[in-house]
Amino acid sequence: MGAPLLSVRHLSTEFRTERGTVRAVDDVSFDLKAGETLAIVGESGSGKSVTAMSILRLIPDPPGRITAGEVVFGGQDLLKLDDHAIRAIRGNRIAMIFQEPMSSLNPSLTVGLQIAEPINLHRKTPWAKAIDMAAELLARVRLPDAKSRVKSYPHQFSGGMRQRAMIAMALACQPQLIIADEPTTALDVTVQAQILALLKEVTRAANSALILITHDLGVVARYADRVCVMYGGRIVEAGPAREIYARPRHPYTIGLMASIPRLDQEAGQRLVPIEGQPPNLAKLPAGCAFAPRCRRATEICRNERPSLAQSAPDHLSACHFHAQLNA
Amino acid sequence: MPSSTPDSVLPKTVLEVRDLKVHFPVMAGAVVRKQVGSVKAVDGVSFDVRRGETLGLVGESGCGKSTTGLAVLRMIDITSGRVVFEGQDISGLDRGQMRPIRRRMQMVYQDPFGSLNPRMKVSEIVGEPLEVHGLAGDRAVYRERVASLLDMVGLLPDMADRYPHEFSGGQRQRIGIARALALEPSLIICDEPVSALDVSIQAQVVNLFQELQERLGLTYVFIAHDLAVVRHISHRIAVMYLGRIVEIASRGELYREPLHPYTQALLAAIPIPDPEVEASRPQQIITGEVPSAMRPPPGCRFHTRCPQAMDVCKSVDPPMREMAGGRAVACHLHAG
Numbered sequence: 023m024g025a026p027l028l029s030v031r032h033l034s035t036e037f038r039t040e041r042g043t044v045r046a047v048d049d050v051s052f053d054l055k056a057g058e059t060l061a062i063v064g065e066s067g068s069g070k071s072v073t074a075m076s077i078l079r080l081i082p083d084p085p086g087r088i089t090a091g092e093v094v095f096g097g098q099d100l101l102k103l104d105d106h107a108i109r110a111i112r113g114n115r116i117a118m119i120f121q122e123p124m125s126s127l128n129p130s131l132t133v134g135l136q137i138a139e140p141i142n143l144h145r146k147t148p149w150a151k152a153i154d155m156a157a158e159l160l161a162r163v164r165l166p167d168a169k170s171r172v173k174s175y176p177h178q179f180s181g182g183m184r185q186r187a188m189i190a191m192a193l194a195c196q197p198q199l200i201i202a203d204e205p206t207t208a209l210d211v212t213v214q215a216q217i218l219a220l221l222k223e224v225t226r227a228a229n230s231a232l233i234l235i236t237h238d239l240g241v242v243a244r245y246a247d248r249v250c251v252m253y254g255g256r257i258v259e260a261g262p263a264r265e266i267y268a269r270p271r272h273p274y275t276i277g278l279m280a281s282i283p284r285l286d287q288e289a290g291q292r293l294v295p296i297e298g299q300p301p302n303l304a305k306l307p308a309g310c311a312f313a314p315r316c317r318r319a320t321e322i323c324r325n326e327r328p329s330l331a332q333s334a335p336d337h338l339s340a341c342h343f344h345a346q347l348n349a
Numbered sequence: 005m006p007s008s009t010p011d012s013v014l015p016k017t018v019l020e021v022r023d024l025k026v027h028f029p030v031m032a033g034a035v036v037r038k039q040v041g042s043v044k045a046v047d048g049v050s051f052d053v054r055r056g057e058t059l060g061l062v063g064e065s066g067c068g069k070s071t072t073g074l075a076v077l078r079m080i081d082i083t084s085g086r087v088v089f090e091g092q093d094i095s096g097l098d099r100g101q102m103r104p105i106r107r108r109m110q111m112v113y114q115d116p117f118g119s120l121n122p123r124m125k126v127s128e129i130v131g132e133p134l135e136v137h138g139l140a141g142d143r144a145v146y147r148e149r150v151a152s153l154l155d156m157v158g159l160l161p162d163m164a165d166r167y168p169h170e171f172s173g174g175q176r177q178r179i180g181i182a183r184a185l186a187l188e189p190s191l192i193i194c195d196e197p198v199s200a201l202d203v204s205i206q207a208q209v210v211n212l213f214q215e216l217q218e219r220l221g222l223t224y225v226f227i228a229h230d231l232a233v234v235r236h237i238s239h240r241i242a243v244m245y246l247g248r249i250v251e252i253a254s255r256g257e258l259y260r261e262p263l264h265p266y267t268q269a270l271l272a273a274i275p276i277p278d279p280e281v282e283a284s285r286p287q288q289i290i291t292g293e294v295p296s297a298m299r300p301p302p303g304c305r306f307h308t309r310c311p312q313a314m315d316v317c318k319s320v321d322p323p324m325r326e327m328a329g330g331r332a333v334a335c336h337l338h339a340g
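Respectively, the protein sequence lines represent chains A and B.
All residue numbers for the first sequence refer to the numbering used here, where the first residue is 23 and numbers rise by one.
All residue numbers for the second sequence refer to the numbering used here, where the first residue is 5 and numbers rise by one.
Bear in mind the hints are in silico, worked out from the structure with no lab data behind them.
Backbone N, C-alpha and C define an ideal beta-carbon position, used for all residues, glycine too.
Each statement offered as a hint is correct.
Rough simulated footprint, nothing fancy, chain B against chain A, three-plus residues with beta-carbon under 8 angstroms:
(1) 239-245
(2) 283-289
(3) 294-308
Label pairs and their in silico Cβ distance ranges:
(4) B:Gly33 with A:Arg41: 48 to 56 angstroms
(5) A:Lys55 with B:Asn121: 47 to 55 angstroms
(6) B:Gln312 with A:Glu288: 24 to 32 angstroms
(7) A:Ser66 with B:Val320: 44 to 52 angstroms
Next comes chain A alone, as it looks inside the complex (with noise of 0.2 angstroms):
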């Protein structure tokens, strides 16, 4: 088995706001090992996306910062690199797909230029080479009519088609780990689909690991090996996706799975809702942030943070009462 290809310790990142300090990723800790994909789940505001930026180092500071943590990726610590080591590993070795292409392709560059850059940057390909590797690309993320397309604009493109060819990007120098923040959310049911097997077969077939951050639990219980579930900036639950979809041991994680439908489920029972509000980071309870929503939330819980700790074998569980949940 060996060490994992990433190794996240301790992970804090504070945004220093009008209203105070605020931290949205809290004393995160997890692993991957190569091959796997890694589902970070969760609601708006619980710290996905926050922790996925915080690895490559790409928040905005200010008014961001990491305050604390390790980040181990291949023997190194990605948090003490200096500017230059640490461009060398983005869009190299971790490669990153964002919800918006639109917003992160060039409206005024080809397609296979932007493709190709990254192959040109870091293999010091020469152009015409490079230009080749992203028709090959295109290819291989099954755009129709790759050759000529590489030639395209981005607005040329549909919301799949550029979603495609972000995957194209991140395949182009073959990363060890690909990061994909809610990679899907703004495309249509039947693209997604389409998408999220791409990226899944292309992930498998180079053996790259896969962070998939997303709130979408049928996504997760298609696609992800492994699952984190986040709420206010913490892990709260983190085990194997079927451990977790069949003995879940977090309240939380429990009434997200009571209140959402199933298609598979008889049609006409009432749904059974999380009461109350997402917590808000700016002022979170002393205890367990979740324990102004739970059921069976007692003193210890309002007063008390609850540790993540070892539930069952591998399945974690941050609940002061873990081991009376689907004991």
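On the provided structure of chain A, position chain B as indicated by the hints.
Chain B only, in chain A's frame:
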């Protein structure tokens, strides 16, 4: 809620839409503007909605589901076709004639952030329709009415004097619903009312819609792209593709036995939140994307992406075929 007309004399079918078309002209030319084409956003849509029922309209972007909702409310111009609301053909009415009818058909929008006026207090937002229609009455009656509307959607009466920015997304959507209820409508068109909300909040709002329907006998047209949510809340579902309804089925049939290849593709594309189920599900993903509504494909509009397309599909537009149990499908495979 007291209604001006007793329910017993109201027709069973609240809404009847027949061959509805909404075409938007596409103009070009910098000096002389002329029409160079049209976007057939809705192109021959027919359906009925019965009293107390929820009809779901589902489909991907550009299918015409939101335009259908706006056309039914006469908030955009109808190119042709008929909209019959509570027995009255409203397709030809002018603004003045629509006014009294608007009271009985309301809309809840997707964006709880953009659809509420940030300068108005909650009491003004919720009570405005009463004022517009001259039903506000004196101050005390008005305040009481607003308080009861807020209570109906699960908000506290003392929230009436606060502004929208003080509320979360789910609460804002409740404010939007209270406003829609102010005039005691019989029909509410809900356009993606939960898609902007966090997953944990969606269920709260979905449940509220269902509770209000049971209490007030409301009829809904529920428009959304999320088939799992639509199927959960709707009694019947109309699946739309490029300006047309391709299939109408009850929520049970739709999942058990989808007839149209597009419905099948849509169902297959939606992952079920259970890794065990997903591992055993055949993953048939259709290729391609929705073509432009300016140039829909000839014949069946879905034939360019249909895994079962036949020769006839490329040239002959399949008519909607009514089947037993109120089902209908527009597909040559089910031509009978």
